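J.: The primary structure of each chain is shown beneath.
Number of protein chains: 2
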Amino acid sequence: MIKIAIIGGGNVATHLANAFSKTNYVSLVQVCARNIEQIEHLKNVTSITNSIELLKKADVYVIAVSDDAIGSVSNKINHQNSLIVHTSGSVEMQSIQTKGRKGVFYLLQSFSKNKKVNFDEIPFCLEAENESDLQLLETLAKSIGKKIYHINSEQRKQLHVAAVFVNNFTNHMYKIGADICNKHQVPFEVLQPLIKETAQKITKLSPEEAQTGPAKRNDQKTIQNHLALLNAEQQEIYKLITKSIQQNGKKL
Amino acid sequence: MIKIAIIGGGNVATHLANAFSKTNYVSLVQVCARNIEQIEHLKNVTSITNSIELLKKADVYVIAVSDDAIGSVSNKINHQNSLIVHTSGSVEMQSIQTKGRKGVFYLLQSFSKNKKVNFDEIPFCLEAENESDLQLLETLAKSIGKKIYHINSEQRKQLHVAAVFVNNFTNHMYKIGADICNKHQVPFEVLQPLIKETAQKITKLSPEEAQTGPAKRNDQKTIQNHLALLNAEQQEIYKLITKSIQQNGKKL
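Quick note, the sequences are listed as chains A and B, same order.
Heads up: the first sequence at position 236 corresponds to 236 in the UniProt record's numbering, and the numbers run straight through without jumps.
Heads up: the second sequence at position 145 corresponds to 145 in the UniProt record's numbering, and the numbers run straight through without jumps.
Only chain A is shown next, with the shape it has when bound in the complex:
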């Protein structure tokens, strides 16, 4: 039985605590949050505390706090023989301040407080300093999930910026689509099947193979017609992405 403790009171900490509390192979010995009210709802499933210094002994401490606090929080854990991991996509493993063992337990997904999480679908990106700790993290991950990857700190940084493109920037493309619809009294739901299809397509084809449209075809007539319909800010984005799609075509 692996004993773990979770430090943090936010979405990631809460979802992890709920998931680990239901497994057979992992014992969630404690959850710790500075503001103990955030984790009050967990007191039926495990011990809760607001004092890092008084944390119970565990095999693995999972720090799920804001990026800036990872260093100072890890520094306060008094169990130097245990593995200490953080859950951040953008912080290096070496930011963990301990003389002992370090690792990363990063879940690549955006979590919402009230939305149920299907851990089977979420990629677990694991990193450790040696093979036995990596195995330990893998055992933890497999107790609640299915998609396990070994990702080092450099790869994780790259994944984090790639995630901004496919998540935040994609969402902004949806936003512009919604703005255009709203302005012309067209319900945004008309675009939703296309959005779904676009996201599904790249599970079968690479995004490069999946590309279609006026930029790819270099259909100047349609491109000019489209630009005439857009405001200045939308035009700037339309032109830049069209250029980028076409430059990519030339590189092939």
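Rather than coming from a laboratory, the hints here were simulated on the basis of the structure.
These numbers were taken from a predicted model, which means no experiment stands behind them.
All clues stand as given, with none of them false.
If several chains are the same, the list does not tell them apart, and a pair holds so long as it fits within one copy or across any two.
Lysine to aspartate or glutamate pairs mimicking EDC-like chemistry, simulated, CA-CA at most 16 Å apart:
#1 K102 / D133
#2 K142 / E121
#3 K239 / D219
#4 K3 / D133
#5 K116 / E197
Using the hints provided, position chain B relative to the given structure of chain A.
T.: Showing chain B alone in chain A's frame:
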């Protein structure tokens, strides 16, 4: 029983022909394509021809050809009492050359030749010059689909450019994500659950409400870290979309 004929040999024409050939309320009397080999496979379900001039009498002619050919094709149909519609997202209804009745039967989805189409999921965007023709198109649409919208030519033009943002430009965001992954030996599949989640989220929240990430939070430290990881072309896109997300924040 409504009699229809379809003109065209491409993806839209083929998928529509297959769908209409299976309905009870619509009779597909003929399919016509210049290159008859394209529609050879339909000869078991309906009459086929390569001559527009010899088209059989129908209540509705559905022109599913390239945008540039809609005018000339419509001009050759010798049945002036019938309703003639095209299926294009970017061509005005008035481009149909007939002294008779005109309309639009636009399916907002990207069709692939070999991929099965679920018409229940596809928005049918209908336009006609009068209420009775709109009802006629609605009956046609309902015989094979479920999502029916009345969209005029101006709205349809706007939808078409909005679709470029949510489909082609979103796919390019996936492409950049995949490029970053490939460069650093990370499998692109790690990003796919996030892509799926991002697309699903906006069926519950507006894209504006769904936005997260460093641009939205104005997290300059992360933004600068990200820029340092990107090539010049990716940086330009990152900066412009970040600026656009932030400008939008200010407008609220």
